[in-house]
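Trainee: Go ahead and model the full structure; you've got the sequences and the hints to work with.
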Amino acid sequence: MDEQINTENLFLTVAEVAKRYAVSTDTIWRWSRKDDFPRPVKIGPNITRWRLADVLEHDQSLKAGFAFCLTLVA
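The sequence shown begins at 1 in the numbering used here and counts up one residue at a time.
Don't read these hints as lab results, they were simulated from the structure.
A quick note: this is a predicted structure, and the numbers were derived from the prediction, not measured.
In this text, a Cβ means the ideal position worked out from N, Cα and C, and glycines have one as well.
Warning: the hint list may mix true and false statements.
[Unchecked claim] Mimicking DSSO-like on lysine-lysine, the simulated pairs with C-alpha atoms at most 30 angstroms apart in a straight line are:
#, residue 1, residue 2
1, Lys19, Lys63
2, Lys63, Lys34
3, Lys19, Lys42
4, Lys19, Lys34
5, Lys63, Lys42
[What the hints assert, rightly or not] Cβ pair distances, simulated, as ranges:
#, residue 1, residue 2, range
6, Lys19, Ala53, 16 to 22 angstroms
7, Asn6, Gly44, 17 to 23 angstroms
8, Asp59, Thr25, 15 to 21 angstroms
9, Pro45, Ala22, 27 to 33 angstroms
10, Gln60, Lys19, 17 to 23 angstroms
11, Asp26, Asn6, 26 to 32 angstroms
12, Thr13, Glu57, 14 to 20 angstroms
13, Arg33, Asp59, 17 to 23 angstroms
14, Lys34, Asn6, 28 to 34 angstroms
Mentor: This is the structure:
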């Protein structure tokens, strides 16, 4: 059962992104404002998310990598 996950359609909250990097949500917002991190995407009037594909691409550009386990609940 080798199922490919399309990361273009997966979005993360600021809390999920912060947890991934073990930093505060304020740090994620600061990185984003300074263009040190992918820009979030507005997907609704009060809903802002980060594309998982953008976060993964950013990880590839870093000198040190981050370990991350993507678990999907069916």
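Trainee: Now look at each hint and say whether the structure bears it out.
Mentor: Tested hints:
{"no.": "1", "hint": "Lys19 / Lys63", "verdict": "20 angstroms, holds"}
{"no.": "2", "hint": "Lys63 / Lys34", "verdict": "19 angstroms, holds"}
{"no.": "3", "hint": "Lys19 / Lys42", "verdict": "20 angstroms, holds"}
{"no.": "4", "hint": "Lys19 / Lys34", "verdict": "20 angstroms, holds"}
{"no.": "5", "hint": "Lys63 / Lys42", "verdict": "29 angstroms, holds"}
{"no.": "6", "hint": "Lys19 / Ala53: 16 to 22 angstroms", "verdict": "18 angstroms, holds"}
{"no.": "7", "hint": "Asn6 / Gly44: 17 to 23 angstroms", "verdict": "21 angstroms, holds"}
{"no.": "8", "hint": "Asp59 / Thr25: 15 to 21 angstroms", "verdict": "18 angstroms, holds"}
{"no.": "9", "hint": "Pro45 / Ala22: 27 to 33 angstroms", "verdict": "30 angstroms, holds"}
{"no.": "10", "hint": "Gln60 / Lys19: 17 to 23 angstroms", "verdict": "20 angstroms, holds"}
{"no.": "11", "hint": "Asp26 / Asn6: 26 to 32 angstroms", "verdict": "30 angstroms, holds"}
{"no.": "12", "hint": "Thr13 / Glu57: 14 to 20 angstroms", "verdict": "19 angstroms, holds"}
{"no.": "13", "hint": "Arg33 / Asp59: 17 to 23 angstroms", "verdict": "20 angstroms, holds"}
{"no.": "14", "hint": "Lys34 / Asn6: 28 to 34 angstroms", "verdict": "29 angstroms, holds"}
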